[in-house]
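S.K.: Here the protein sequences line up with chains A and B, keeping their order.
At position 96 of the first sequence the residue is numbered 96 (our numbering), and the sequence of numbers has no breaks.
At position 171 of the second sequence the residue is numbered 367 (our numbering), and the sequence of numbers has no breaks.
Since the hints were made in silico from the structure, they are not lab data.
It is possible that some hints are incorrect.
As the list claims (entries may be wrong) - Example chain B residues on the side facing chain A (calculated, C-beta under 8 Å, incomplete):
1. ASN212
2. SER221
3. PRO228
4. PRO233
5. GLU254
6. VAL291
7. MET324
As the structure is a computational prediction, the values presented were derived from the model and not from experiment.
Note that beta-carbon positions come from the ideal geometry of N, C-alpha and C, so glycine has one too.
So you can see what is in the structure, the chains are spelled out below.
Protein chains: 2
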Amino acid sequence: MALALKGLEYEYIALNLRKDEQRASHFLAINPQGLVPALEIDGTILTQSLPIMEYLEERFPDRPLLPKDTSGRARVRALASMIACEIHPLNNLRVLRHIEDVFGADAEAQKAWFTHWAVSTLTPMEQMLAADKRTGRFCHGDEPGLADICLFAQLINNRRFGVDAEQWPTLLRIGAACAELPEFAAGVPDAQPDAL
Amino acid sequence: MALALKGLEYEYIALNLRKDEQRASHFLAINPQGLVPALEIDGTILTQSLPIMEYLEERFPDRPLLPKDTSGRARVRALASMIACEIHPLNNLRVLRHIEDVFGADAEAQKAWFTHWAVSTLTPMEQMLAADKRTGRFCHGDEPGLADICLFAQLINNRRFGVDAEQWPTLLRIGAACAELPEFAAGVPDAQPDAL
Numbered sequence: 001m002a003l004a005l006k007g008l009e010y011e012y013i014a015l016n017l018r019k020d021e022q023r024a025s026h027f028l029a030i031n032p033q034g035l036v037p038a039l040e041i042d043g044t045i046l047t048q049s050l051p052i053m054e055y056l057e058e059r060f061p062d063r064p065l066l067p068k069d070t071s072g073r074a075r076v077r078a079l080a081s082m083i084a085c086e087i088h089p090l091n092n093l094r095v096l097r098h099i100e101d102v103f104g105a106d107a108e109a110q111k112a113w114f115t116h117w118a119v120s121t122l123t124p125m126e127q128m129l130a131a132d133k134r135t136g137r138f139c140h141g142d143e144p145g146l147a148d149i150c151l152f153a154q155l156i157n158n159r160r161f162g163v164d165a166e167q168w169p170t171l172l173r174i175g176a177a178c179a180e181l182p183e184f185a186a187g188v189p190d191a192q193p194d195a196l
Numbered sequence: 197m198a199l200a201l202k203g204l205e206y207e208y209i210a211l212n213l214r215k216d217e218q219r220a221s222h223f224l225a226i227n228p229q230g231l232v233p234a235l236e237i238d239g240t241i242l243t244q245s246l247p248i249m250e251y252l253e254e255r256f257p258d259r260p261l262l263p264k265d266t267s268g269r270a271r272v273r274a275l276a277s278m279i280a281c282e283i284h285p286l287n288n289l290r291v292l293r294h295i296e297d298v299f300g301a302d303a304e305a306q307k308a309w310f311t312h313w314a315v316s317t318l319t320p321m322e323q324m325l326a327a328d329k330r331t332g333r334f335c336h337g338d339e340p341g342l343a344d345i346c347l348f349a350q351l352i353n354n355r356r357f358g359v360d361a362e363q364w365p366t367l368l369r370i371g372a373a374c375a376e377l378p379e380f381a382a383g384v385p386d387a388q389p390d391a392l
């Protein structure tokens, strides 16, 4: 979505996480952490989603993902981090597998786990967005940015576990505004070349 | 540590997380997420550790926490995010409590959980740092920055769970270099006003 918003062409190389392709030696040579995404650009390998987006923002400043004012930038980064640091690291496939392996968490327990962490963060996020005048059509004003990308991705993930966004009217509204943009529509799982 | 590196004076207000003081109404009014840290500066409340440090970097550029070149900035941010996104969110007190409540994880199971996520990230981090010429006395060159702050804090956390840093010689060396600086020494738990 960030690459699309920046209008950048890119080659998409799919890894099937359910088949552990991100742990294959050819990918570990690219990212020793064995995690996606990795972006090769200007002869350098970049890893970690938010740092990759910060790089794109610095290198291609048009169609900014962050506002100009320092305080607004901190707000957008904090909203993005709420999802990238407080939800996603707990709810991704490797953690769901780990609680299954270690604690025997079945599908229902994994759903409860996912829901717990999504709700714990998205409920205060709804409150923070609803209470702040800087919230506009998107998380910060009327142009989409870093926080919207994270939020939109999270709302899509939520659907896989039946977490209903109706309880968060502001998040739902912003998610709908994102979905109207082709750059976001192009980022949904079903639109990827390797979608099943 | 970031405030100290920037040479900024600040008032430290302690919350006892074991007594859930971060969930008290007066703090929820400051950060609806009920998580520390929060920094009040210039009449604004900032939340989330990395965005707070990015704010300090933009507002007080002296003694930089990030290098000047875009590629180096992406590297430092990625190293910081490895800890801030892949270890800390899984290993903090609220998650340890949750696996105890939901899965009955006792002290030994919590230690195994903590160790699993610390090792999963710090082992490839050791490899990435050791293989990269940009690594110096610190994670990136010979001046401390964003990644060193995260790493140093993680190495301290590790000790609480008996995770031995000897297995990661580069991390150990960088941690020792940090410990020599008064700005890092001032950031250890025992140096805080509310240390027991």
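S.K.: Give a verdict on every hint.
M.R.: Right, here's what the structure says about each hint:
1. ASN212: 20 Å, violated
2. SER221: Because about 13 Å separates SER221/B from the closest Cβ in chain A, which is outside the 8 Å limit, the hint is violated.
3. PRO228: Where the cut-off is 8 Å and the nearest Cβ of chain A is about 4 Å from PRO228/B, the hint holds.
4. PRO233: Violated - the Cβ of PRO233/B stays beyond 8 Å from chain A, reaching only about 11 Å at its closest.
5. GLU254: Status holds, d = 5 Å.
6. VAL291: With Cβ-Cβ at 7 Å, under 8 Å, it holds.
7. MET324: Since the shortest Cβ distance to chain A is 6 Å, the answer is holds.
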